[in-house]
Amino acid sequence: MSCMKFRILLSSYLDQEITKDEEKKLLQHLQTCPDCARELEHLEKIKRIFLLKERKEPREFFETRLFEHIKNRTKQPVWRSYFPVFRRTVVVILVLFLVIVGWVNYRKLFYPRTTEIISDLLLDEEINENFEQELLEAYYGPLG
Amino acid sequence: MEEDFKLLTKFKQGDQEAFASLVKKYKMAVFNTIYSIIGDTQEADDIAQEVFLKVYTKAGSFKRKSSFSTWLYKITVNKCIDELRKRKNKIISLETEFDEDEKLKLKDVLASKEGDITEEWEKEELEDTIQKAINSLPEKDRIILTLKEIENLSYKEISQIMKISLDKVKVWLFRARQKLKEKLLFLYPEG
Chain A
1 MSCMKFRILL SSYLDQEITK DEEKKLLQHL QTCPDCAREL EHLEKIKRIF LLKERKEPRE
61 FFETRLFEHI KNRTKQPVWR SYFPVFRRTV VVILVLFLVI VGWVNYRKLF YPRTTEIISD
121 LLLDEEINEN FEQELLEAYY GPLG
Chain B
1 MEEDFKLLTK FKQGDQEAFA SLVKKYKMAV FNTIYSIIGD TQEADDIAQE VFLKVYTKAG
61 SFKRKSSFST WLYKITVNKC IDELRKRKNK IISLETEFDE DEKLKLKDVL ASKEGDITEE
121 WEKEELEDTI QKAINSLPEK DRIILTLKEI ENLSYKEISQ IMKISLDKVK VWLFRARQKL
181 KEKLLFLYPE G
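Residue numbers (the numbering used here), protein chains in the order written: chain A, 1 to 144; chain B, 1 to 191.
Don't take every hint at face value.
[What the hints assert, rightly or not] Facing chain B, from chain A, some residues (calculated, C-beta under 8 Å):
hint, residue
1, Lys5
2, Ile8
3, Glu17
4, His42
5, Leu43
6, Leu52
7, Lys53
8, Pro58
9, Thr64
10, Arg65
11, Ile70
12, Glu132
13, Glu134
Everything labelled a hint here was simulated from the structure, so no lab data went into it.
Think of the CB as a built atom: it goes at the ideal place given N, C-alpha and C, for glycine as much as any other residue.
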C-alpha cells in the first residue's frame with residue numbers, strides 16, 4: 001500500500017473510523033515510515049485546534065424570536081382560513097366555467113350563427129341592392 | 001433518537017411544547033454548525049431561525065428514513081449552501097489571513113500541555129483565529145470539517161447528510177485536513 005493510501009487511513013484512524021485490519025497495517029507502516037509518523041502528529045495538532053474551539057450561544061431569546069417569526073410567517077389572510085371549506089366547490093365551478101366558455105368560443109369560431117350571416121348581408125349595401133333587383137325581376141320579369 | 005421521534009409525533013398532533021423541546025435540544029448544534037460554515041454570528045442566528053421555521057412547516061413530510069438529527073443537519077447544511085451561493089453574487093470578505101500575534105498565540109496554546117486558557121478575551125481571540133482558518137477553506141471542506149470536528153458526527157451520518165459514499169467521506173476529510181494544514185503551516189516549523 002502506498003504512503004498516500006496510508007495517509008487517508010491516518011485521517012480515518014484519528015476519527016476511529018477504521019477496521020481492525022486497516023489499523024494493524026497502518027501501525028506497522030508507521031513504525032517504518034517517519035514521514036507518515038510526522039503526518040500523524042500534524043493531523044493530531046489540527047484535531048486539537050478544533051477541540052480548543054468553544055461552542056457559541058445564539059443571540060438572546062432565541063426561542064421567543066423564533067416563535068414570533070413562525071407566527072408572522074405562518075399567519076394567513078382571513079379569506080384563506082375559509083378557503084379549505086370551499087376549495088372543492090370553487091374548483092368545480094371554475095372547471096365548469098372554463099368548459100362552458102371554451103365550448104361557446106369553439107362554436108362561435110367554427111359554426112357562425114345564421115342571424116349573424118343575415119345581419120352581415122344586410123349591412124352590405126351592394127348585396128342589398130342586388131337582392132332588391134332580383135326580387136323585382138322575379139315579379140315583373142327582366143328589367144330594362 | 002426515539003425521544004426525538006416521540007417529540008416530533010407529539011408536535012405533529014399539535015403540541016407546541018414538543019416543538020419547543022426540540023428547538024431547545026438542537027439550537028446549539030444548529031447554530032454552531034452554521035457559524036462554523038458561514039463564519040458570522042449574526043447571520044448564523046438568522047439562518048438558524050430559518051432552519052427551525054422549515055422544521056416547523058415541513059415536519060409533516062419527515063419520514064423515518066433517518067434520525068431526526070440527520071434530517072435537521074441536512075436542512076441546516078442546505079440552508080448554508082443556499083446562503084453561500086447568494087454570497088457569490090455579493091462581495092463579502094471574511095478574514096482569512098493570520099497576523100503574527102495570532103500565529104504566536106495558536107502556537108503557544110498548542111505547545112502547552114493542556115491547551116488551557118483562562119482569560120475570556122484570550123478565548124475569544126483564539127476562537128476568531130480558528131474560525132479564520134476554517135473561513136479560508138472552500139465550501140465543501142468547511143462543511144465536512146464542521147460536521148466531523150465541531151459536531152463530532154460519524155462518517156455514516158456525514159454520508160447521509162452530504163449524500164455521498166463512505167469512501168468519499170474519508171477522502172474529502174483527508175483533503176480538507178490537508179488544506180487546513182497548508183493554511184496552518186506556521187505551526188509546523190520542522191516542515
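| task | If any of the earlier hints don't hold here, list their numbers in rising order. | result | Violated hints: 1, 9, 12, 13; rest satisfied.
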